[in-house]
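Same order as they appear, the protein sequences are chains A and L.
Heads up: the first sequence begins at 1 in my numbering, then just goes up one per residue.
Heads up: the second sequence begins at 1 in my numbering, then just goes up one per residue.
Among the clues, some could well be false.
As the list claims (entries may be wrong) - Pairs of lysine to aspartate or glutamate residues, derived as EDC-like cross-links and limited to a Cα-Cα distance of at most 16 Å, are as follows:
| hint | chain 1 | residue 1 | chain 2 | residue 2 |
| --- | --- | --- | --- | --- |
| 1 | L | Lys173 | L | Glu229 |
| 2 | A | Lys72 | A | Glu182 |
| 3 | L | Lys195 | A | Glu189 |
| 4 | L | Lys173 | A | Glu120 |
| 5 | L | Lys195 | A | Glu141 |
| 6 | A | Lys72 | A | Glu184 |
| 7 | A | Lys94 | A | Glu52 |
| 8 | L | Lys70 | L | Asp81 |
| 9 | L | Lys214 | L | Glu229 |
As the list claims (entries may be wrong) - Covered, in the sense of this in silico footprint (three residues per stretch, anywhere, with C-beta under 8 Å from a C-beta of chain L), are these stretches of chain A:
| hint | region |
| --- | --- |
| 10 | 81-92 |
| 11 | 182-192 |
Simulated from the structure, these hints should not be mistaken for lab results.
Built from N, CA and C at the ideal position, the CB exists for glycine as well.
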Amino acid sequence: MRVDIGARTDVGRVRSNNEDSYRVVPALNLFVLSDGMGGKAHGEAASAIAVETVAAHCLQAAHNVHPPFFSKPRPNFSEKTNRLASAVHWANRKIHLDAARNPRRRGMGATVLAAWIDGEHLSLVHVGDSRAYLLRAGALEQLTADHSLAAERARRGYLTYQQAETSALQSVLLRALGTNEEVEVDAGEHLLLDGDAVLLCTDGLTRMVPRHEIASTLITCPSAQAAADRLVALASDHGGRDNVTVLVLFIEMGGDSALGRLRRWFRGSSRPPDATFSAGDP
Amino acid sequence: MARLILKFDAAVLQEVPIGARPVSIGRAPDNDIPVDNLAVSNYHARVYAEAGQLMVEDLNSLNGTFLNNKRVERAAIRSGDAILIGKHQILVDEEHDAALPLDAGRKVAAPIVNETVMLQTKQRRELLQQAAAAGESSQFAPARGRVASLIVLRGKTDQKDYPLSSRLTVIGKSEMATVRLRGWFAPQVAAQISKREDGYYLGLTNRVPRVNGKRISGPTRLNDGDLIEAGGVELMFLYRD
Chain A
1 MRVDIGARTD
11 VGRVRSNNED
21 SYRVVPALNL
31 FVLSDGMGGK
41 AHGEAASAIA
51 VETVAAHCLQ
61 AAHNVHPPFF
71 SKPRPNFSEK
81 TNRLASAVHW
91 ANRKIHLDAA
101 RNPRRRGMGA
111 TVLAAWIDGE
121 HLSLVHVGDS
131 RAYLLRAGAL
141 EQLTADHSLA
151 AERARRGYLT
161 YQQAETSALQ
171 SVLLRALGTN
181 EEVEVDAGEH
191 LLLDGDAVLL
201 CTDGLTRMVP
211 RHEIASTLIT
221 CPSAQAAADR
231 LVALASDHGG
241 RDNVTVLVLF
251 IEMGGDSALG
261 RLRRWFRGSS
271 RPPDATFSAG
281 DP
Chain L
1 MARLILKFDA
11 AVLQEVPIGA
21 RPVSIGRAPD
31 NDIPVDNLAV
41 SNYHARVYAE
51 AGQLMVEDLN
61 SLNGTFLNNK
71 RVERAAIRSG
81 DAILIGKHQI
91 LVDEEHDAAL
101 PLDAGRKVAA
111 PIVNETVMLQ
121 TKQRRELLQQ
131 AAAAGESSQF
141 APARGRVASL
151 IVLRGKTDQK
161 DYPLSSRLTV
171 IGKSEMATVR
181 LRGWFAPQVA
191 AQISKREDGY
201 YLGLTNRVPR
211 VNGKRISGPT
221 RLNDGDLIEA
231 GGVELMFLYR
241 D
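Take the sequences, apply the hints, and build the full model.
In structure tokens, the structure reads:
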């Protein structure tokens with residue numbers, strides 16, 4: 001199994017600072033992004049705490065440090081899914097504590113979306129309105145449900161889903177990291193197949209770029225990085241009103257045979273196993 | 001042109017330009033600014049221009065119209081004033097033209113993206129209760145969020161029926177599949193069903209399943225009672241109450 005990774009974040013055309021953060025840990029196939037809120041530099045601080053905390057907690061778990069679980073593991077989920085949920089609970093507490101200690105940062109918060117891929121298993125956890133999509137056999141399916149007022153009202157039948165996608169109530173989050181001492185975390189597990197593409201993104205993409213354009217970009221781009229670059233460019237073309245972050249993961253199964261390794265070697269696209277990179281790196 | 005900005009807390013819900021016609025505010029949906037809150041009367045207030053002066057007028061509302069926290073029947077308003085109706089605030093902005101950077105002249109197809117705000121528990125409960133109250137009377141409400149099931153009619157599987165509660169249900173031999181096929185020649189993945197906001201869809205994988213005997217060509221919306229054939233099993237899609 002191999003994951004071709006594309007990552008890109010952009011401030012957009014209207015905002016002056018980028019409150020999004022992301023972190024990719026290729027050695028674990030762990031991917032985290034976060035959209036901060038709270039104005040000034042505080043949104044940035046919140047999203048940075050979110051992605052760093054989630055990555056650090058999972059790295060510790062993967063290296064047998066056995067950090068405590070910050071949420072009760074659920075027996076129907078895999079260890080990695082439970083670990084991710086725990087990491088998100090821990091990130092919530094850290095942001096909440098940070099805001100409590102710095103009165104100027106009060107009210108800061110962040111969304112979080114984290115994916116951990118282990119062979120054909122995809123673990124996914126999220127809080128807020130950052131979204132995960134799966135492209136399979138040419139069809140794009142949303143894997144996460146937004147925790148926004150617009151989405152909640154659509155679920156309750158008050159808005160149609162088309163209305164919800166353009167509603168100003170999308171800006172009102174029902175759940176976010178850091179705003180309360182405890183947070184409810186959504187977790188899910190999915191089976192991955194050869195040829196799947198997984199997209200993780202902040203609302204700066206989904207509110208700017210129509211779904212069919214997202215799907216066609218994922219289908220036509222030759223590499224995950226090309227797709228990530230193209231999606232960010234599309235968000236800008238459509239107005240770029242918000243920060244945008246996209247992580248694109250192309251899944252290739254059955255590549256662990258000698259032949260698969262040889263093919264990859266010829267393509268020359270492997271990364272050093274311990275490297276991590278994030279928004280600030282060149 | 002001047003405009004009115006409807007806000008709930010920090011969230012901007014709507015912006016309405018003030019033209020020659022009066023701008024009506026109220027709970028009824030045909031108002032220019034519909035405010036979905038039980039504390040707001042059906043036709044609560046209106047804003048209009050009179051001899052170049054903007055005015056706000058209360059239309060005998062039950063709970064009153066407040067201008068900068070004072071109850072008013074009829075009053076002159078200007079830029080920077082805040083009108084309070086129920087718990088919603090309406091801001092008056094007369095210098096609207098100056099505040100159109102970057103996108104001036106460009107058609108804005110996407111919605112206005114505002115600063116994201118987080119609702120605290122009490123407001124959240126209130127807004128959701130209103131939404132629920134309104135949702136119950138809506139014709140869409142009963143069809144939403146219903147969980148469907150798959151009933152196995154023919155073929156070897158690990159159970160006889162499956163509730164479709166997750167967003168993506170995979171049918172196949174894989175140990176991660178929800179509907180696990182048992183036969184020797186069963187494919188790892190035969191089909192998938194995604195739960196979208198407006199219903200359930202049967203999708204392709206690298207296999208092509210059939211619905212009511214026909215091969216599907218892409219994600220196909222499932223209706224109550226549809227017959228699905230995939231990976232050598234036959235399943236019925238049913239909504240259960």
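Tested hints:
1. Distance check on the hinted pair: Lys173 (chain L) and Glu229 (chain L) sit about 15 Å apart at the alpha-carbon level, within 16 Å; holds.
2. Proposed proximity of Lys72 (chain A) and Glu182 (chain A) is supported: the alpha carbons are some 13 Å apart, at most 16 Å.
3. Of the pairs offered as hints, the one joining Lys195 (chain L) and Glu189 (chain A) holds, with about 14 Å between alpha carbons and a cut-off of 16 Å not exceeded.
4. Distance hint between Lys173 (chain L) and Glu120 (chain A) is fulfilled; the C-alpha atoms sit about 13 Å from each other, no more than 16 Å.
5. Proximity of Lys195 (chain L) to Glu141 (chain A) is assessed by CA-CA distance (about 9 Å); at most 16 Å being required, the pair is judged to hold.
6. As the CA atoms of Lys72 (chain A) and Glu184 (chain A) are separated by approximately 12 Å, the hinted pair is consistent with the 16 Å bound.
7. Note on Lys94 (chain A) and Glu52 (chain A): the hinted pairing holds, with a Cα-Cα distance of about 11 Å set against a maximum of 16 Å.
8. As the CA atoms of Lys70 (chain L) and Asp81 (chain L) are separated by approximately 11 Å, the hinted pair is consistent with the 16 Å bound.
9. Distance check on the hinted pair: Lys214 (chain L) and Glu229 (chain L) sit about 9 Å apart at the alpha-carbon level, within 16 Å; holds.
10. Here the region 81-92 of chain A counts 0 residues with a CB under 8 Å from a CB of chain L, which misses the bar of 3, and the coverage is violated.
11. Evaluation of the coverage hint for the region 182-192 of chain A: fulfilled, as 4 residues show C-beta separations to chain L shorter than 8 Å, against a requirement of three.
Hint check: a violation occurs at hint 10 only; the rest are consistent with the structure.
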